[in-house]
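Top line first, the protein sequences correspond to chains E and P. For what it's worth, our numbering labels the leading residue of the first sequence as -4, then goes sequentially. For what it's worth, our numbering labels the leading residue of the second sequence as 19, then goes sequentially.
Calculated directly from the structure, the hints in this document are not laboratory data. Just to be clear, a hint being listed does not mean it is correct.
[Stated by the list, open to error] Covered stretches of chain E, as calculated for chain P (at least 3 residues, CB under 8 Å):
hint, region
1, 34 to 43
2, 114 to 126
3, 148 to 156
4, 225 to 235
Just so it is clear, CB atoms sit at the ideal spot from N, CA and C, and this is done for glycine as well.
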Amino acid sequence: MSATAVTSAPPPSAAAPSAPAWRSSGALGLGIATLWLSIIVLLPLSAVVVRSLDGGLGAFWDAVSSRQAVAALRFTVLVSLATAAVNVVGGTLIAWVLVRDRFPGKKVVNALIDLPFALPTIVAGLTLLTLYGPRSPFGINIAFTQAAVLLALLFVTLPFVIRSVQPVLIELDREMEEAALSLGARNATIFRRIVLPNLVPAILSGAALAFARAVGEFGSIVLISGNIPFRTQVSSVYVFKLIESDAPTSAAAVATVLLLVSLAVLLGIRALGHWGARHDR
Amino acid sequence: MTVDRRWRISLRVLALGYLALLLLVPVGLIFFRTFEHGVMGVWESITTPAAIHAFWLTIEVTAIAVPLNTLFGIVMAIALARGNWRGKGLVNALIDLPFAVSPVVIGLSLILVYGVNGWLGGALADAGIQVIFSVPGIVLATIFVSLPFVVREVTPVLREIGDEQEQAAATLGAGGWTTFRRITLPAIRWGVAYGVILSVARCIGEFGAVSVVSGKISGQTETLTLLVEKRFANFDLAGAYAASALLALIALGTLLAMTMIKPRREEGDA
């Protein structure tokens, strides 16, 4: 449909060569694209918010403040924070090794980092359950525990911090580090005073993306968590159970809270991006 | 910072050990478990009528969602990188919503619009169209979750290449379509290709949103990922492994394609 939008461009007028003609037809393309975004994304999401208020504010509050909803949300946020924290350390370490270290097979390892993005989440969950579940060949069984949820989240969020830190580390000017070294600074000092400050915006934005992903994650958790209320039940699985038990208004209320968390993180990441860009200059 | 050998090796072991325990050993074990009782059983369990139907349904849904999102992605990326219009910042932020919103919430949102009691449910039922618990719902959910990939890959490429060549072409009398086909498209093609690969992987692998809207009717609305879950729930572990191995193979193929295209995409940037 956008192809027709582009073809319908009027012939370029000689009077305004500075504005390529296809841009004026771009208005039509933009209109269609924005309409597409509205129908596919915005209309359904607004239906969630509207439906959550179906029974009035009181019903909304009852749904989101029920003991089970609060426990699920609490666990979701805490385990997502833990995921982000482990990724801050682990992701930065892996990025450093992939940029500064040299070892055979590094290219393969580097390519495999993206595997969690390519692998379906349900397969990721089954995979982890095979190694760390009841039939584990190493006898490690953490299935249906909170640790298992953390493990699944670490799997699906692995690439975020690494892929955000790597390019910054590659671009990082090594002269600063050499200067510090020649002035007698120790490695720990150089890392803390020179390398780390340059990486902080990238680490934080990677961690925020990992957090956002963790809060909404469903597929990788559903098999391994056992979905035990008050222990391993996360909010997304709780919403799923509410939909299944035909309580769409309560489901919409809890979903609205999740939606607000996602929006807040999204805005946070954008603010972080602006801050990072300023930091660069 | 020059880290001495001993430190460097310890850090390397730590990083690779973490990757091995989290990523390599589990995924390797899936293939081992799949094939430990021979290849024949695996072949039989991925060629049952339900599995074949699930496979083709997954391909069909992907074949609808990806082209639509690619068109949307290119048009939106051009508008974001070249245009100057009111509300651009807002739209730019909203495009990322499908990445941030939980797949379950996405599924729920579609039920609330297209379901029996949804906003459009009555009108659709009168017209005899069933969206939820049917293929159109799966397609809508898949389009939703894979919407941002092409936009997010193409916009930075467009910003990077600038618009001098497009301006020159327009000055020389090239029409809008010609300028796009001869100048813009060749410059962004690897970015588009990368975005398409990410979209395909996401479409094939989507579980949460599809699981809410599909109804999981075997042989009708069951995709490959739903088949994995159902087989697992029915204690058909070998069958779940076989379908998982198939999906993991597709993922490895995706990874290979990503690795091959990445350097070209970065060349295009320069």
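Going through the hints against the structure:
| no. | hint | verdict |
| --- | --- | --- |
| 1 | 34 to 43 | holds (count 8) |
| 2 | 114 to 126 | holds (count 10) |
| 3 | 148 to 156 | holds (count 3) |
| 4 | 225 to 235 | holds (count 5) |
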